[in-house]
Amino acid sequence: MLEYTDEMKDKMAFFNERQQKITEMVDKSGSVRVADLSKQFSVSEETIRRDFEKLEAQGLINRIHGGAVRKEDQKSEIPIPKRKAKNMKEKEMIAMTAASYVKDGDIIAMDASTTTLIMTQYIKGKNLTVITNSIGVSLELAQESDIRVILIGGYLAESSMSLVGNFAERVIQDYHVDKFFFSCLGVDFKRGVSEIHEDQALVKKQLISISEKLFLLADHSKFGEKSLFRLCDVSQADYLITDNKVSINTIRELNNLGINGIVAEKSE
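Once you know that position 246 of the sequence shown is 246 in UniProt numbering, the rest is easy, because the numbers rise by one and skip nothing.
Here are the simulated DSS-like cross-link-like pairs (lysine-lysine), alpha carbons at most 25 Å apart as the crow flies:
id : residue 1 : residue 2
1  : K226      : K213
2  : K190      : K21
3  : K205      : K103
4  : K226      : K205
5  : K54       : K71
6  : K71       : K39
7  : K28       : K54
8  : K190      : K39
9  : K28       : K190
10 : K205      : K190
11 : K190      : K71
12 : K226      : K28
13 : K190      : K213
14 : K226      : K71
15 : K103      : K124
16 : K190      : K226
The calculated label-pair distances, taken between Cβ atoms and stated as ranges, are:
id : residue 1 : residue 2 : range
17 : S159      : S44       : 23 to 33 Å
18 : G125      : E53       : 44 to 54 Å
19 : R170      : N255      : 29 to 39 Å
20 : Y122      : E45       : 42 to 52 Å
21 : Q121      : S42       : 45 to 55 Å
Hints are computed from structural coordinates only; laboratory data are not their basis. Here the structure is a predicted model, which means the values were calculated and not measured. Note that the Cβ used here is the ideal one computed from N, Cα and C, for glycine as well.
Could you put the whole structure together from the sequences, leaning on the hints where they help?
This is the structure:
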C-alpha cells in the first residue's frame, strides 16, 4: 500500500487549494491567463496548464489558447452564420448607424465581426479605402468600383473567416486609418474592452494603434462582460454605438468618460 509522507500531503493540499482558487477566479472574472496565474502562484506556466487539464477533465472550465474560460463562456469561435443570427435586429441597427459616420474619402478599417459584415451593405456606393482582415467584408465590397479594399494577409481563422498572425500584425503598422470600426466580446468599465481569441485581439490592438478615431460597436449583451484579452480602455473609444436595450445609466457613464454614446434606433 502506498503511504504518503507529510511532505507529499502538504504538496497535494497546496495543489488542490491552487486549483480551487483558479476555479473561483474563472467563475468570478470569466477568464484567466496562464502567464498571470504563473506569477500569482509562483509556479511554472506548465504547472498551470496541468491544473487546467485537471479542471477541464472535471468539467469546471474550458481551456483556450493562453488561458481558460468559464464552462459556459467559450463563445468566441461560434461560426459566423450562428453569430449572425444572435441579436440580429440590434446588430442591423448598429451597423446602419455606424455606416452613417463613413464619409467619401475616408480610410477606414473594419474587423471580422458580424456587425461590420452587415455594415458593408450600407457603405456601398461611397468612395473609400477599406482595410480589413475579414474575408467576408472584402468579398462583399469586391465589386464596388469606388471602394479600394486592402485585405490584410495572414493565416486563416476558419470560424471567423479572417486572417490573423504575426504577418498581419506587421503589415498593419505600415498603414494610417481615419476610422476603425470594431466589435468585441466584453465591455466592462473597470476591465476595459476585451476579446476572447488572442489572434483576433492582437490584430485589433494593432489597428487601434494606427487609427485616429475608434468606433466600438457593441450590443447590450456585451456590457458587463469580461473576456480573456484586453483590447483597450473603454475611454479610448471615441464613439460607442449600441442598441436601445442598453440602460440609460450605461449611456450616462459613457458620456461621463468623454465617449459619444450613441443608441442606434430603427430607421423609418
